[in-house]
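Peer 1: Taken in order, these protein sequences are the chains called H and A.
Every letter in the first sequence is one number past the one before it in numbering that gives the first Met the number 0, and letter 176, counting from 1, is 175.
Every letter in the second sequence is one number past the one before it in numbering that gives the first Met the number 0, and letter 16, counting from 1, is 15.
Do not take every clue at face value.
Repeated chains share a single entry, so a pair holds when one copy, or any two copies, can fit it.
[To be verified] Computed list of lysine-lysine pairs in DSBU-like fashion (alpha-carbon distance at most 30 Å, straight line):
#: 1; residue 1: K68; residue 2: K1
#: 2; residue 1: K207; residue 2: K258
#: 3; residue 1: K117; residue 2: K68
#: 4; residue 1: K258; residue 2: K74
Source of the hints: derived by calculation from the structure; they are not laboratory data.
Note that this is a predicted model, so its numbers are computed, not measured.
There are 2 protein chains.
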Amino acid sequence: MKISHLGPAGTYTEAAARLYSEAAELITYPTVPEVIQSVITDNTDLAVCAFENSIAGTVSIETIDLLLKADFPLKIYGEIVLEIQHGLIAKAGTTIESIQTVYSHPSALAQCQTTLQKILPNAAQVALSSTTAAVEAATTNDASGAIAGATAAKQYDASILLQDIGDEQHNATRFLVLSKQATVPTGDDKTTLVFTTSDAEESGSLVKVLQLFAERKINLSRIESRPTRQQLGTYVFSIDIHGHEKDKDVGQALAEISKHTSWVNVLGSYPRWK
Amino acid sequence: MKISHLGPAGTYTEAAARLYSEAAELITYPTVPEVIQSVITDNTDLAVCAFENSIAGTVSIETIDLLLKADFPLKIYGEIVLEIQHGLIAKAGTTIESIQTVYSHPSALAQCQTTLQKILPNAAQVALSSTTAAVEAATTNDASGAIAGATAAKQYDASILLQDIGDEQHNATRFLVLSKQATVPTGDDKTTLVFTTSDAEESGSLVKVLQLFAERKINLSRIESRPTRQQLGTYVFSIDIHGHEKDKDVGQALAEISKHTSWVNVLGSYPRWK
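Take the sequences, apply the hints, and build the full model.
Peer 2: Structure, rendered in structure tokens:
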């Protein structure tokens, strides 16, 4: 099995893909559209894309924008929840006090800001395109450190000077696995759908949609409204429910949903991450 | 009137505070808790805090964490929606081609990544603590640029080489105005509340809460579920509804809400931003 993911190797996305499948061949692409295109053209079987971060909210606008396209040809086939543990990484022998420059991806720098102000208030912070590039820079420069995960540290034989330097305790990123294939029900699945309601009686329509699930005791595990890019004042709702679209109760609810929405798209049903 | 906001001067937060009141005296503090404390201790009248960004989702974890505290002593008194227009800024006479280093806040770097890869693929990106600090660095170094707003450019007499270099067209940040005072209804208000439902029949409880508003034709303008930090699998819902808590219909709905929630807090009613 071949899994495509955003490169370079060594980032948190690789760690997520590896967590999903120990045996798969992992292939990196430089952009999210190319990651997805590789599945569409059968060069790979599955694509792993970052979807949301527990701290920052949605991390990947690119993934969401692609999923919201009406003709998007892939389905959500799985999910991966990866605990993000930012470490302070440097080449072996480096002391924390000697670090004058800290490299990382801008999101990781932002997520470690309070800690960095405490431990390295005078260090310059340099943003690079990935946490892997940051570890590479830190290991080829003196008096430098990187914020990255253990996968990147291992790749460059670097030392982890401090573990878990993120400002927030529970930092997890949820990745989606995308495929041309649909899954079969496992008994413990989730289904993700997006829909818009008519502007005029928005909260009424939303209630009617949620009611379809509630009256069947189908739980909701995420709900989010996002302004649509097209028109101010209209919203896309995105929800995750428990169950598979082929489960009888979920299927019944989905069959009625178009009565209360102006547009609806079931993005996929997939085993819940455990 | 005195308004406190996160410093330094010249950032987007200052631009938002100035947009809210042309005449107010603006006072900066180095951290969000200090911004809020200044209102609690009557050193300032109002606090302006970043709340959410249309692209990245929630930007200010600090603001949300403070608002979610059960004994938080301030109310939401107003909102400000600021269009974020990132410019490429440098000292007068600098050409785009000559820029070898780009300074900015990590969030701004992240929001301009695609554009930067196109126009300055080889420039080093250096993350600083604010967009103001970035313009200061760009204007005191040769071959340097900053990503920041027009307010910061003006403060340092710098040139805007390129306007609007953000990757997304509609980039707006919503700020909340916090006060000890409550507002009076204006006829076009919003009310923000947060609540948790019992885990057991989550989507059923959520429907019952939303039904209270829907049956009174009270529209919803935002809904978001966030995992609680305390316990995995429990959620805090945060919603914005149209109307003021002193409006009869909103008041009736709020009076019934505790039947369906395990915890509820009305964070404030305030005039809708226009």
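Peer 1: Which earlier hints can't be squared with this structure?
Peer 2: none
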